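*Asks:* Put chain B on the given structure of chain A with help from the hints.
If you read the protein sequences in the order shown, they are chains A and B.
With the working numbering, the residue at position 97 of the first sequence is 97, and numbering never jumps.
With the working numbering, the residue at position 229 of the second sequence is 229, and numbering never jumps.
These aren't lab readings, by the way, just hints derived from the structure by calculation.
Among the hints, erroneous ones may be present.
Where chains are identical, the list cannot tell them apart; a pair therefore holds if satisfied intra-copy or between any two copies.
[What the hints assert, rightly or not] Using 25 Å as the maximum straight-line C-alpha spacing, the simulated DSS-like pairs for lysine-lysine come out as follows:
hint, residue 1, residue 2
1, K213, K240
2, K96, K169
3, K181, K169
4, K181, K163
5, K33, K169
6, K145, K121
Because the structure is a prediction, the values reported are computed rather than measured.
Now for the letters of each chain:
Protein chains: 2
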Amino acid sequence: MTRKNRNFSLRTAGLQKTLTVRKIDSVIIFNMKNIRYLCGFTGSEGILLIGSGRPVLFIDGRYTTQADMEIQGVKIMECADKVEAVALEIHKKKYKRVGFEADALSHSRYRQLHSRLSRVKLITLTDELRMLRALKDENEIALMKKAAEISSSAVRSLIRRVKPGWTEKELAWQLEVEARKLGADELSFPPIVASGENSALPHAGLTDRKIKKGDFVVIDFGVMYQGYCSDETCTIAFGKLTDRQKNAYQLVKEAHDRALEAVAAGIPASEVDSKARAVFGKKSARYFTHGTGHGLGLEVHEAPRLSPISGDVLEPRMVFTIEPGLYIPGLWGIRIEDTVLLKKNSCEKLTKMDKKLIIIE
Amino acid sequence: MTRKNRNFSLRTAGLQKTLTVRKIDSVIIFNMKNIRYLCGFTGSEGILLIGSGRPVLFIDGRYTTQADMEIQGVKIMECADKVEAVALEIHKKKYKRVGFEADALSHSRYRQLHSRLSRVKLITLTDELRMLRALKDENEIALMKKAAEISSSAVRSLIRRVKPGWTEKELAWQLEVEARKLGADELSFPPIVASGENSALPHAGLTDRKIKKGDFVVIDFGVMYQGYCSDETCTIAFGKLTDRQKNAYQLVKEAHDRALEAVAAGIPASEVDSKARAVFGKKSARYFTHGTGHGLGLEVHEAPRLSPISGDVLEPRMVFTIEPGLYIPGLWGIRIEDTVLLKKNSCEKLTKMDKKLIIIE
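This is chain A alone, in the form it adopts within the complex (with noise of 0.2 Å):
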């Protein structure tokens, strides 16, 4: 047995276990990156079913071969209606409570589901699987490592290279050529590159706006590596900066020291994020207009959530996001992100880029 289905059978008794304190005797698992997560199958579409025994993957037939070429130890059903042959199947086991992933499942199949399990009781299960991959294994830790070492290379390679007059399109395009000659299997997500004014825009879209003196850029990039993301940011500066600029450009860079010296096992997220935010003071925290950061691995957006609301406490072997950012609606914005793993008695920067001001003339 490989390494690689050791930790998929782990992975799967340490969902049952979970499910045991609660009286649930199985779960269906929609969330294709919990499946992924859970047995290794990489489709686009399907179905698992764990309870006593081995799980079950219900596909359909585009997906039949690639199944038994990525999965072992859990039985395939291809099938065409899913939902049914799941229904089937918990009959057949005589599960009675039967847990669900109710953040996954859209009210549609939902109601699909409960008309076909009448005599079954469906339990909704949120909180009790949002934590389900926030603690990232070995193999885990070196796929969003070498993930966040690519992406940062390509945003280095890139800061080298690029001049006033660039287009936001073109950078984000020769990033991209960047990160995948570097190795980069594709992108995290679409690849933030606002200029100027659109800086101003926590989450803007690429545009043809030429990069010019007196900008801030924010460059917001990942790569996925075997199914691992990665997410850093750097505000690189052109030109001339005003003085507001730069004292701005300080701030927020204070205000992600701050947050990444505050990180601990054992302590709330939300006390990373009040940290970031009481150095912008009540002046300026208004124009911090999302949380401190985030959890990432098979997605770029997981648990835990490091925000003003979060009730997420941090653990060892979590991997997120420090990204607090000022955003000026007009005029320019900045936002500074490294991507950290929390050890038991420290903290590991994932990404590379240096965070001083840098300033291309």
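*Replies:* Relative to chain A, chain B alone:
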């Protein structure tokens, strides 16, 4: 008022008419593609409430500036908890029968909504909205034509250059580079380049397998252009083919051509599927493991569906694919796909690659 804005108010009015029929006084839109379709907002999160008077878009702080730039005629409400804000607005407006997209809303969000709207009748909408975007207007058709031209040109250019020895990943990447040079904003789905035995997987992932003589290579590729998708599949051959391979290609081509001929306004979509299936006959039909086609537009899979179990009827202004295939497990596979626009009395192919068998020596 620009042409674009006129379309948005037409679309909203069309939806309001549908609602009146079901005595619904407002509808909550969660699907981001539907939100884009109905008001032009392109952010990644938001909720749109359409009732009497101006629609209201609920967004968080990340999108305030962007929403101001992108939309007109819609009231923008910035809020931290969007579901709560929608519920408050529904109470304020005294809506009593409120529709929602049961396919787009997760069951857990439905429960949140339900608990805040206990005095309101929540009405499940599925089929009423499934056709919302199925009929394309002139503006959409122009963008889809452009998208289809870009991807056809990219594939054509690559077929001129590719040689045995290239890997699937290399070919996919070169295709993407070419498409981006030609003006694609991004790809409409992860490209499929499946060679040799991998081509037997209808939805194969990219591998480092080198193309060799005797291979079929299935290239299923599409791009996004200003939000709209293209989708086309060519199967090309390398070196000498066996007679079985050549015959199979001709059979798939025949199924594709017969299905295309069958396309007409007013007929059931399932009839087009059965025309393709009939060509394969009993012996081969079990190797055709998916439906004959699907609509596309803002998403690469949308209404109508062309499959044996589809209840959709084809109408002028629908845009959809015709893509029969045969997949022989462990050996090879073939798929031939065009995207077509149905008109009143004819059918126009938007994709431009000729589907004659191409053999590269």
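*Asks:* For every hint, state whether the structure bears it out.
*Replies:* Results of checking the hints against the structure:
1. K213 - K240: This pair counts as within: shortest intra-copy Cα distance 7 Å, inter-copy 58 Å.
2. K96 - K169: neither (54 Å within a copy, 46 Å between copies)
3. K181 - K169: Close inside one copy (18 Å) and across copies (12 Å); limit 25 Å.
4. K181 - K163: Close inside one copy (21 Å) and across copies (20 Å); limit 25 Å.
5. K33 - K169: between (30 Å within a copy, 22 Å between copies)
6. K145 - K121: Cα proximity of K145 and K121: none, with 42 Å in one copy and 50 Å across.
When the structure is compared with the earlier hints, violations turn up for hints 2 and 6 and for no others.
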